[in-house]
Every structure is written in C-alpha cells, then in structure tokens.
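*Asks:* Based on the provided sequences and hints, a complete structural model is requested.
Protein sequence lines, in the order shown, are assigned to chains F and A. Start counting the first sequence at 8; every next residue gets the next number (the working numbering). Start counting the second sequence at 14; every next residue gets the next number (the working numbering).
For the record, the hints were derived by calculation from the structure and aren't laboratory data. Since the model is a prediction, treat every value here as computed from it, not as a measurement. Ideal placement from N, C-alpha and C gives every residue a C-beta, glycine not left out. Among the hints, a few may not be true.
Pairwise CB distance ranges, derived in the manner of DEER restraints [unchecked claim]:
1. A:V783 x F:A96: 33 to 41 Å
2. F:E159 x A:V783: 51 to 59 Å
3. F:E159 x A:L713: 28 to 36 Å
4. A:S788 x F:E159: 14 to 22 Å
5. F:D70 x A:G751: 23 to 31 Å
6. F:N169 x A:V783: 29 to 37 Å
7. A:S712 x F:Q23: 18 to 26 Å
8. A:V783 x F:K189: 49 to 57 Å
Okay, derived cross-link-like pairs now, DSSO-like style, lysine-lysine, Cα gap no bigger than 27 Å in a straight line [what the hints assert, rightly or not]:
9. A:K139 x A:K102
10. A:K42 x F:K100
11. F:K189 x A:K756
12. A:K102 x A:K42
13. F:K189 x F:K213
14. F:K80 x F:K56
15. A:K537 x F:K112
16. F:K100 x F:K124
17. F:K11 x F:K56
18. A:K96 x A:K40
19. A:K794 x A:K756
20. F:K100 x A:K794
21. A:K771 x A:K831
22. A:K771 x F:K124
23. A:K40 x F:K112
24. A:K560 x A:K537
25. A:K771 x F:K213
26. A:K756 x A:K854
27. F:K153 x F:K80
28. A:K139 x A:K97
29. A:K756 x F:K112
30. F:K124 x F:K11
31. F:K166 x A:K277
32. F:K213 x A:K794
33. A:K794 x F:K189
34. A:K771 x F:K100
35. A:K560 x F:K112
36. F:K80 x F:K100
37. A:K854 x A:K813
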Amino acid sequence: MANKLPRILIVDDEPQILRFLRTGLPPHGYECVEAMDAASAIAMAAEEKPDVIVLDLGLPDRDGFAVIEELRKTSLTPIVVLSARDDVAGKVKALELGADDYVTKPFDMGELLARLKAALRHGLQAHGEAPVFRSGPLSVDLVNRKIMLRGEEVHLSPKEFNLLRFLVMHAGRVVTHHQLLKEVWGPANVDDIQYLRVLMRQLRRKLEPESASTSFLVTEPGVGYRLMALPAE
Amino acid sequence: MATRTAAPERPSPDALLEAAGREGRGKLKIFLGAAPGVGKTYEMLTQGRRRRLEGADVVIGVVETHGRLETDALTKGFEIIPKKRSLYKGHVVAEMDLDAILQRHPALVLVDELAHTNAEGSRHPKRYLDVEEILAAGIDVYTTVNIQHIESLNDVVAQITRIHVRETVPDRVLDEAAEIELVDTTADELLQRLKEGKVYVKAQAERALRHFFSPGNITALRELALRRAAQRVDRDMVEYMQAHAIGGPWPAGEHVLVCINEHKSSAELVRRGRRLADSFKASFTVIYVEASRHLALSEVEKDRVADTMRLAQRLGAEALTLPGREVANTILEYARAKNVTQILIGKSERSRWFELLNGSVVRDLMRDSGAISITAVTAAGDAVAPKTVKTASQAEEWPWSDYAKSAGAVAVTAAIAWLFNAALSHALGSIGMLFLVPVLLSAVSFGLRPALFAAFFSALCYNFFFLPPLYTLTIADPNNVLSFGVLLFVAVIAGNLAARVRAQADLAARRAAVAGELFNFTGKVTGLARLDDILWAVSFQIASMLKCNVVILLPNRATGQLEIRGVYPPEDELSADDIAAATWSWERGQATGRNAETLPGARRLFLPMRTGGGKVGVLGLQRPDDKTLFTPDERRLLDALNDQTALAIERARLVEQVDEAKVVAEADKLRVAMLTSLSHDLRTPLASILGAATSLLASLGLYDRARTEELLLTIREEAERLDRFVGNLLDMSRLEAGALGVKSQWTDVGEVVDTALKRLARRLAGHRVVRELPSDLPFAKADPLLLEQALVNLLDNAAKYAPPASTITIHARADSQKIALTIADEGPGIPAAELSHIFDKFYRARKGDLGAAGTGLGLSVARGFVEAFGGTLDAANRGNAGGAIFTLTMPVGEKPGEGDHGK
Chain F
8 MANKLPRILI
18 VDDEPQILRF
28 LRTGLPPHGY
38 ECVEAMDAAS
48 AIAMAAEEKP
58 DVIVLDLGLP
68 DRDGFAVIEE
78 LRKTSLTPIV
88 VLSARDDVAG
98 KVKALELGAD
108 DYVTKPFDMG
118 ELLARLKAAL
128 RHGLQAHGEA
138 PVFRSGPLSV
148 DLVNRKIMLR
158 GEEVHLSPKE
168 FNLLRFLVMH
178 AGRVVTHHQL
188 LKEVWGPANV
198 DDIQYLRVLM
208 RQLRRKLEPE
218 SASTSFLVTE
228 PGVGYRLMAL
238 PAE
Chain A
14 MATRTAAPER
24 PSPDALLEAA
34 GREGRGKLKI
44 FLGAAPGVGK
54 TYEMLTQGRR
64 RRLEGADVVI
74 GVVETHGRLE
84 TDALTKGFEI
94 IPKKRSLYKG
104 HVVAEMDLDA
114 ILQRHPALVL
124 VDELAHTNAE
134 GSRHPKRYLD
144 VEEILAAGID
154 VYTTVNIQHI
164 ESLNDVVAQI
174 TRIHVRETVP
184 DRVLDEAAEI
194 ELVDTTADEL
204 LQRLKEGKVY
214 VKAQAERALR
224 HFFSPGNITA
234 LRELALRRAA
244 QRVDRDMVEY
254 MQAHAIGGPW
264 PAGEHVLVCI
274 NEHKSSAELV
284 RRGRRLADSF
294 KASFTVIYVE
304 ASRHLALSEV
314 EKDRVADTMR
324 LAQRLGAEAL
334 TLPGREVANT
344 ILEYARAKNV
354 TQILIGKSER
364 SRWFELLNGS
374 VVRDLMRDSG
384 AISITAVTAA
394 GDAVAPKTVK
404 TASQAEEWPW
414 SDYAKSAGAV
424 AVTAAIAWLF
434 NAALSHALGS
444 IGMLFLVPVL
454 LSAVSFGLRP
464 ALFAAFFSAL
474 CYNFFFLPPL
484 YTLTIADPNN
494 VLSFGVLLFV
504 AVIAGNLAAR
514 VRAQADLAAR
524 RAAVAGELFN
534 FTGKVTGLAR
544 LDDILWAVSF
554 QIASMLKCNV
564 VILLPNRATG
574 QLEIRGVYPP
584 EDELSADDIA
594 AATWSWERGQ
604 ATGRNAETLP
614 GARRLFLPMR
624 TGGGKVGVLG
634 LQRPDDKTLF
644 TPDERRLLDA
654 LNDQTALAIE
664 RARLVEQVDE
674 AKVVAEADKL
684 RVAMLTSLSH
694 DLRTPLASIL
704 GAATSLLASL
714 GLYDRARTEE
724 LLLTIREEAE
734 RLDRFVGNLL
744 DMSRLEAGAL
754 GVKSQWTDVG
764 EVVDTALKRL
774 ARRLAGHRVV
784 RELPSDLPFA
794 KADPLLLEQA
804 LVNLLDNAAK
814 YAPPASTITI
824 HARADSQKIA
834 LTIADEGPGI
844 PAAELSHIFD
854 KFYRARKGDL
864 GAAGTGLGLS
874 VARGFVEAFG
884 GTLDAANRGN
894 AGGAIFTLTM
904 PVGEKPGEGD
914 HGK
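*Replies:* Here it is in structure tokens:
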C-alpha cells in the first residue's frame, strides 16, 4: 500500500471543478478518477476502490445524501463532502449519514488537501493505531490519560477528558455537536447543545489560555468542532 | 349653506383701526424698482422736489447719486443733512446722521437705499431700522428699494439671477408703507442705460452684475416687482373699500356668478359659467335662490335644481343655496359682498303674463346691477341626465282631516259668535272679524288650501247665521254685502300670507335638517384616511340615515371588476340580478335596479358614484321591507350623500396612490443603487482576476517566482472578495425572503468572535486586532451563525476603512440583561450626515472613494441578521480618538439546566 498512490474518486457535475482538481491533485501525490453523476459514482466506488471520495452534494440524477447512504451500506471509504457555505443543515445531515468531513465551496486547495490527508489517516486509523497526539504545544496520551501543555501537565475533569479524547480520536476532522454530546453525556442529551458550549469553553480555558487565531480547537460554525493537528513547536 | 356677510354698508372696524394706527406716525413711501438703474432715486428726488415746491419742509437724509449728472442736478436746492463720519477699527465710515435728522425734524426726508447695511458701531445694523425710527418721530420718509432686497422674494431672485443678495428688508416694511410706487423701465432701455454707463456698477462686482443684467433676468425681476406692487395695490383697494364703506365690485380679480333656477337650461348655464370663469381665470360661484316659489315647484323641478347644483360642484364651483324673498335682490346683495364682476343668468322663457305677475328677475338685475355686468343667456338643452328613479308619489293624499278640522274650527267660531251675538244683540261688524281666527289657525296649522277652504266656509257661515235674512244664503242689506265681501277678501289674503309663512318655516326646517345630516355625515367621514374605514363609516351612516341596507361596490384595481367593498348590515349578499344591475350602472353611469328604469328586476337600487375626476364606484341600496320608495327629499339627500361618499373614496384613493408612488420611487432608487453596486462590486474583482490570470497565461515561464506569486495572490484575494460580495447578496436575499431560519441558542460570544477572526484572518492581516473579551463573559442568546456573519461584515468594514497597521478593537462587556460587543476602528469615521444611512441597502459612505470599494450591503446584512435574533446594531463615531465604533448588543442567555459540567 505504501507504494501505491492514494486514489481519489471525484464526484462533481461541474466540468470546471473536475478540471482543476484533476490538474491540481496529482502533483500532491494523488491519483484521480472522476464521476459526474450519482449512478456512475456508486458504480465506480465499487470498481475503482478509491481510498477517499470527494462528493458534491448537488448531482444531476440523485442528491448527494442518497449517494452517501448507498455507499455506507457497503463500504467505509472516507467521504469528503463539497458543500456551500450557508448550507449548514446539509453539512450536518451529510455527516450524520456517514460522511467524514466537508469542504465549503468555494474552497481553498490547501484546505481540501488538509481534509483529504485527515480523512486518509482516519482510514488508516480504522485499522487500529493509537499514537500520542501532538498539536503545537499540546500532547495528549490517551492510553495514560496524560495531557501536557508546553511541558506542564494539565488536569482535566472526567467530562473534559472525554471530550478531548473524542476530538483527538478524530483529529483533523470535524466532529458534530450530536456526536460529541452523545459521546460525553450519552444519547439522552444529544440536543442539549449548551452543555457542550460550556464544557468546551472550560476546556479551551485550560488548553489555550491566550486564545488566538492559532488555536487548535476550531469551531465549525453550526456543525461542531475540529481538533487541528498543528506542527509541533 | 351660505352665511350672509354683515351688511357691507358699514365700514369694517379692522380697516378703520389700521388707518387710525397710522395717524401720528410719519408716512413711508417706497419707490420700488426691479433692478439698479431703473431710476428710483431720480423719481424720488423729482417727487421730493415737487413736495418742496408745494411748500413742504423737505431734506435729503442720504442720496447716492453715484456721480450721475441728471440725478446730481436734482439734489440742488435741497438741504442735505451731512453724513456722520466716525472712526471704526481704523477706518473712517460715513453713515446717514439719524440724530441730526431727528433733531432737524423736517416734514419729509429722502432716504436712498432702504436695504443698506450700516457700518458696525452704528445705532441700528440696518437702514430700514433707522427709517422706522424716523417714521416713529412723525417724519415722512421717501425711500428706494430694489425687488431683490425684499426678504420673501430673496430666494426667488437668487434662483433667477444666481446672485444671492444678503441685504434684505422684511416684507412688513413694505406692508406698512403708506404708498408704494413702482419705478419701471423696459429691459431694453435699462440695458441701453447700462451700456451708456448710466447705471452705477461697483468695479469689483462688475462681472457678477453683468450677468445680473441679462434681458431674461430683468424681465423676470420686472414681473416680480410688478406683482409685488400689484399685491399691495389689491390690498389697499380692499382696505379703502372697507374703510369707506363702498360696496363692490372692485375689479381686482374677476369673479363669475351663475344664477340658476329650476329650468332645464340651468345645466348649460353652469357649463358656460365654467368656461367664462376659465377664460378670465376667475373664481366661480353658482347660486340658487330659494324663494317661496320653491315650494310650488314640482318634484321633477326640485330634482333638477339639486342636480344642477351637483353639476356645479363637480365643475369646481362654490355652489350655494341662498334663502331669499326677492331673487334679484338676493343675488345682487351676494354679488356685491363677494365682489362679483360677472353675473350669468338664464333668459326668461316665460310668458308676459308670468312676468307681469311675478316680475322678471333679469330685468330687476339689469336695473340694479350697477357696475356688475349681467349676461342673460338663452340656453337650450336638457343636459342633466333625466331622473330615472321612481320616487314615492308626492301628490299628497287629500288631507281630509285637515279640512274637517278647519271646518270644525269654523263651526266652533260660529257657535261662539252666536253666543256673542245673543249677548251683545247684533254687533254684526265685530262678529265678522271673529271668523278670521279659524282661517289664520288653519293657514298656520294646515297650509294654504285648508285655509282657503276655511275662508269660504267662514264667509258662508257668517252669511247663513248672522246676515239677515237669517238661515238663508241671500243677503238683504247692501251694507251687509260689503261686510260679507270684506270678510271673504281679508280671510283669503290673510290665509294666504299665513300659509306662506308656514311654508317658509317648513322649508327652512327641512333644509336645516338636511344640512345637519350632511354635516354630520361629512364630519364622520372626513376624519378617516383609510379606504376601508371610510367605506365602513359611509355604509353605516347611509344605512342609518335612510333606513336601508347599503352596499358599496368598487372596481378591483387589477381586474377592473366590481367587487363589494362596504356592506351594511355586514352579512348582506348580492344576487346575480343585483350584480348585473350594478355592473350596468357602473358601465353606463346610470341608476339601475329596483325602481329605476333599467333592470328594475334587481332587489336593489344602484347609483353610480362620480366625482369631477370620473367614476368611482357604485352605491347599492335596498329598503328592508322591499316596498317603500324613497321620498323625493330622501332621494335628494341620497344624491348628496352619494357625492360626499364618492369624494371621500376618491380622496382615500389619492392618498393610496401617493403612498404607492412613494414606494415605487423608493424601489426605483434602490434598483439604481443595486445596479451600480452590482456592476461595480462584481466587475472590479473580476477585472483583477481576469487581468492577473491573463498576465500569467500570456507570459508563461517569463515571470519569476515572486512575480507569479504576487499575481496568484491577487487572484485569490479578489476571488475571496467576490465570494464575500456574493455571500452578502445571498444573505440579503435570505433576509428579505424571511428565510433565515433563525435558531437562537446559547452562544459563546468569544467562540464566535474567534471564528469570525479566523475567517477574516487574511483580510485583517494588515491590521492589529485587539480582542478585549472578559473571561467571565456570560453566554449570549443569539444565533451563532448569524452573529458570526454580522461580525465578519463589521470586521470587513473596519478593515476596509481603517488605514493599514491601525488597530481594530473588539471589546465586550455585559450586565445582567445584555452583552454589548463593540468593534472600533481608527479610520476616518462616519460623516455625521451619513450616520443614519450607513445601514441602508447599497448605501456607501463617501461615494466614489476608490480606495474603499465596498458592497454597500455588508452593514445592512449585519444589522438585519443581528435584529433577526433579537439584538441591536448601531454605529457612532469615537469621540476624540477618531474612527467609527459599532455596538452590537444581544440578550444574555439564561443559565443552562445542568450546573456542573466538570464531572
């Protein structure tokens, strides 16, 4: 596997988007295959066995949600959804249906590459790796429950730790409010978003006291949170 | 109804008082000119000289001859009060010596240039104030002024000449002047004099004045001056007329009066009057004199009078009904009081016999009219649409009871007379007198015919019971024949007169009742502005006044189809027949339906509603019992109500149209602004992107890395800008479509601020951003997505206007109710005049400022979003620091249910 370039299935009905992805991705070490509608996307997902799928939600024959549902019946291939900025509900729905991440249109190539990388790592992690997570000044050792910030240990309450652990396990990828609430408070509390807000504020205060744009706990407006893996200091 | 003015033969107290107030004061005469150079000073000096030759003590207070020889020559021989020289701020200034004039106390002083501004340090800042003081001392003053110095005309003059004159004289000075004399020259002559150097022009103002003296300007100024003088003359005339108790007309303005009668030609007469008034630009009045003869008119004729009056109102006349015994006198009295210049009246088509008996109004008018011109017109034609609605027959049933009662009264009188006769033994003459009592009683109580009946019956009784031979209808003594004859004659005449008095009283009472009802009705309706309110009020009022069901149909403005807009009682509905009748009435402008000639099968009577502006709608009426017809009086009242309703509806419609026009104008303005914004804000980034991309394409491999990167960065930045603009457009449409899907929830303001800052990280890279959020800031109740977008737009705005490297401060504070978030920049701030507009759509402060190309949408969207989740957003300027500050407030969120989240 190490020798083979990761293969991306790009599903979009816009030739312009296909064209620049087809041009832009290979230099970064990806192999591209393309589909322009839902039917061929599902067929190619089975035939070409892509390592990650980039899926536009607006397709001519069926909508993207149906494609996600269909794909998730048979495969765990990571799916990165392309979605418009103000379509928060669409993003959440796609994530709940099993998509792994999303990129907001119009998008920055750098952002897409980061998402693809995180999604691919997720694919690898599914095979069971649990390294120590590092992001900037932060290191999280989930096995030993040891969190270090700039070389000093930080003490977290159990709920804070649970929250952080879930984010670390999905590092680089978006995690929805629902997923977090369900993980930390249990299925009965999935709608109590204010709990999450308060807890997240406490966690942030402990982990990034001088909050800035270099923060590694990123808010995804209306959707959830993302723990960024920043380069180590 | 007309109220009669006080008898015009008595001088008006106001006019006398004003005249008296002027006694003891000096008289002011103003020589008014249209422009410099018309010869005011010359005229003033000439008239002053004449006064002096007449022996008056005349001095010159101040006269500027500007070295003109003819004018200079005129000052010779006058005593001239030398100017007072004083030193002010190192300059010698010379002004009119007010004190010297007052001390010298001449009969008349000539003071040039009334509008002159005195040098600082003088007693009064303006010369006209000096003049007022002189007048108060009882000295007459002649003075000059140009029209452009009159305060109320100052603006107009400035508009005409584009020169704003600062030295002005209040209008009251003109109004209080005893006389105004207009000094006028033609434009050509004035220009000629200017060319010959006879008009004084200050060297430094020469160019401006050259422009001033254009033929167009001069003509306009002349007209202004003439008008102002004429206005004054008109006023003088009225005052004079009142003070000297001179009856009109005073031909200051034309006033056409049309006198109508019940004849069919009246409508044509009114129309001619209108045309006459139009051609004279005269005011226009139509009167109907309601003499006692009115009672004798048939219902058709009464209707015609009412219709003609309505026509007059529609044609814009003041239509009045005047009560009066003598038609010609009443007309002339009114005409003199109102300064009527022309009277239009229909030429009589009556027989000589009728004229002999009743006199001829036209002839009486001709004889007594004096200066008023009388036009008698033979107008043909029946121009008012004939009545097509049946009304209850007015042919009163024979009032048997009235005759019976009259007979009874006579019988009782006969009995009493019998007793007297028995007691006083045959005082026959006085007995006859007694019989006048029942005749007068009948006349007063029952009217003319029962009275006549009583007169004859009395005479017979008198004859039968009291004149020998008794108990026969023959009369033996010739003396008694005379008694009998006199009794009969007196009884008939007295009965007649008494009946007439009663009829007049009846008429007055009925008119008062109708007037009262109309007054009441208009009072109820005029206060209302909204169409629906008016329709409701009108239906209710008509229904209760005429005791019928009312429906008002108006055309639908889109389809033109009639639809029910007002109904009383509210549950009433229309049958198909009714709708057909209503539509017919609307289309033909005729009465239709029940009791009308057209479509009488309908349940209701429909009347078209019309105003001078055209048809308005249809009024439908139905008596609840379906049977009784409207009486003619009711029918006429109904017509009047119908007219009032039509006017009220038209008024409401006009108000609506004005409102709509405003909305359309607003929308137009917005559309223009939007197009400007769209073309600018879409094209500019596109131009940059296209330019950068094509440069790269055209020179592949030629540019070095840095240059290539620069171009690529341009493309990215401009694309992002385009994205923001499109985002704002989308946001605006969501906002306007009400499709925001607001989800107010517990929101961590700090988190939202960070997200916004992250989204704008590149945009804000050139600025220093200071984030001052307290760590214990409570959670807000807000929609985090909308709040984020609002913040992004505010920060974008700050980045746009604030200079690079300046500081943008985000600050938050909270009380128990609210969180206030401020974003302050160090830019140029917002001009005070624009503060109230910056949240308007497509509005951009400092238009045309290329450095700060903006969308004109961002702030508007920001405010829309913030208000959508219950917050507020306002802009202000930072006091001394400079720059703009935006304050966003939102409610504090309530504490969440679960207290401890740390477990």
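*Asks:* Run every hint past the structure and note whether it holds.
*Replies:* Do the hints match the structure? See the list:
The hinted window of 33 to 41 Å between V783 (chain A) and A96 (chain F) holds, with their beta carbons roughly 35 Å apart. In this structure the hint that E159 (chain F) and V783 (chain A) lie 51 to 59 Å apart at CB is violated, the actual value being about 27 Å. For E159 (chain F) paired with L713 (chain A), a C-beta distance near 53 Å fails the hint of 28 to 36 Å. The supplied range of 14 to 22 Å is met by S788 (chain A) and E159 (chain F), whose beta-carbon atoms lie about 20 Å from each other.
Roughly 25 Å separates the CB atoms of D70 (chain F) and G751 (chain A), a value that falls within the hinted 23 to 31 Å. Evaluation of the 29 to 37 Å hint for N169 (chain F) and V783 (chain A) yields a pass: the beta carbon distance comes to about 35 Å. As the Cβ distance of S712 (chain A) to Q23 (chain F) is approximately 23 Å, the hint placing it in 18 to 26 Å holds. Take V783 (chain A) and K189 (chain F): their Cβ atoms lie about 38 Å apart, and the range 49 to 57 Å is violated.
Distance hint between K139 (chain A) and K102 (chain A) is fulfilled; the C-alpha atoms sit about 19 Å from each other, no more than 27 Å. Only pairs whose Cα atoms come within 27 Å are accepted, and K42 (chain A) paired with K100 (chain F) is rejected, the gap being roughly 92 Å. At most 27 Å may separate the alpha-carbon atoms for a hinted pair to count; K189 (chain F) and K756 (chain A) meet this at roughly 21 Å. Proposed proximity of K102 (chain A) and K42 (chain A) is contradicted: the alpha carbons are some 35 Å apart, above 27 Å.
A hinted pair counts as satisfied when its Cα atoms are at most 27 Å apart, and K189 (chain F) with K213 (chain F) qualifies at roughly 23 Å. Between K80 (chain F) and K56 (chain F) the alpha-carbon distance is near 15 Å, which keeps this suggested pair within the 27 Å criterion. With a CA separation close to 63 Å, the supplied pair K537 (chain A) and K112 (chain F) exceeds the 27 Å bound. Restraint check for K100 (chain F) and K124 (chain F): satisfied, since their Cα atoms lie roughly 22 Å apart, inside the 27 Å limit.
This hinted pair checks out: K11 (chain F) and K56 (chain F) have alpha carbons roughly 13 Å apart, not beyond 27 Å. In summary, the hint linking K96 (chain A) to K40 (chain A) is supported, as the alpha carbons are separated by about 23 Å, within the 27 Å threshold. Annotation: proposed proximity of K794 (chain A) to K756 (chain A) holds, straight-line Cα distance about 10 Å (limit 27 Å). Taking the CA atoms of K100 (chain F) and K794 (chain A), the gap is about 24 Å. The hint holds against a cut of 27 Å.
Between K771 (chain A) and K831 (chain A), the direct Cα distance comes to roughly 25 Å. Compliance with the 27 Å bound is thereby established for this hinted pair. For a cut-off of 27 Å, the pair hint linking K771 (chain A) to K124 (chain F) stands: about 21 Å separates their Cα positions. At roughly 87 Å between alpha-carbon atoms, K40 (chain A) and K112 (chain F) are farther apart than 27 Å, so this suggested pair is violated. Taking the CA atoms of K560 (chain A) and K537 (chain A), the gap is about 18 Å. The hint holds against a cut of 27 Å.
As the CA atoms of K771 (chain A) and K213 (chain F) are separated by approximately 20 Å, the hinted pair is consistent with the 27 Å bound. A distance of roughly 24 Å separates the Cα atoms of K756 (chain A) and K854 (chain A); the hinted pair therefore holds under the 27 Å criterion. At roughly 37 Å between alpha-carbon atoms, K153 (chain F) and K80 (chain F) are farther apart than 27 Å, so this suggested pair is violated. For a cut-off of 27 Å, the pair hint linking K139 (chain A) to K97 (chain A) stands: about 15 Å separates their Cα positions.
Of the pairs offered as hints, the one joining K756 (chain A) and K112 (chain F) holds, with about 23 Å between alpha carbons and a cut-off of 27 Å not exceeded. This hinted pair checks out: K124 (chain F) and K11 (chain F) have alpha carbons roughly 15 Å apart, not beyond 27 Å. The suggested pairing of K166 (chain F) with K277 (chain A) is violated, with an alpha-carbon distance near 101 Å, which exceeds 27 Å. A distance of roughly 24 Å separates the Cα atoms of K213 (chain F) and K794 (chain A); the hinted pair therefore holds under the 27 Å criterion.
Taking the CA atoms of K794 (chain A) and K189 (chain F), the gap is about 23 Å. The hint holds against a cut of 27 Å. The straight-line distance between the Cα atoms of K771 (chain A) and K100 (chain F) is roughly 24 Å, inside the 27 Å bound, and the hint therefore holds. Distance hint between K560 (chain A) and K112 (chain F) is unfulfilled; the C-alpha atoms sit about 72 Å from each other, more than 27 Å. With a C-alpha separation of about 16 Å, the suggested pair K80 (chain F) and K100 (chain F) falls inside the 27 Å cut-off, and the hint holds.
For the given pair, K854 (chain A) sits about 17 Å from K813 (chain A) by alpha-carbon distance, which is consistent with the 27 Å threshold.
The structure fails hints 2, 3, 8, 10, 12, 15, 23, 27, 31 and 35 (numbered hints given earlier, in ascending order).
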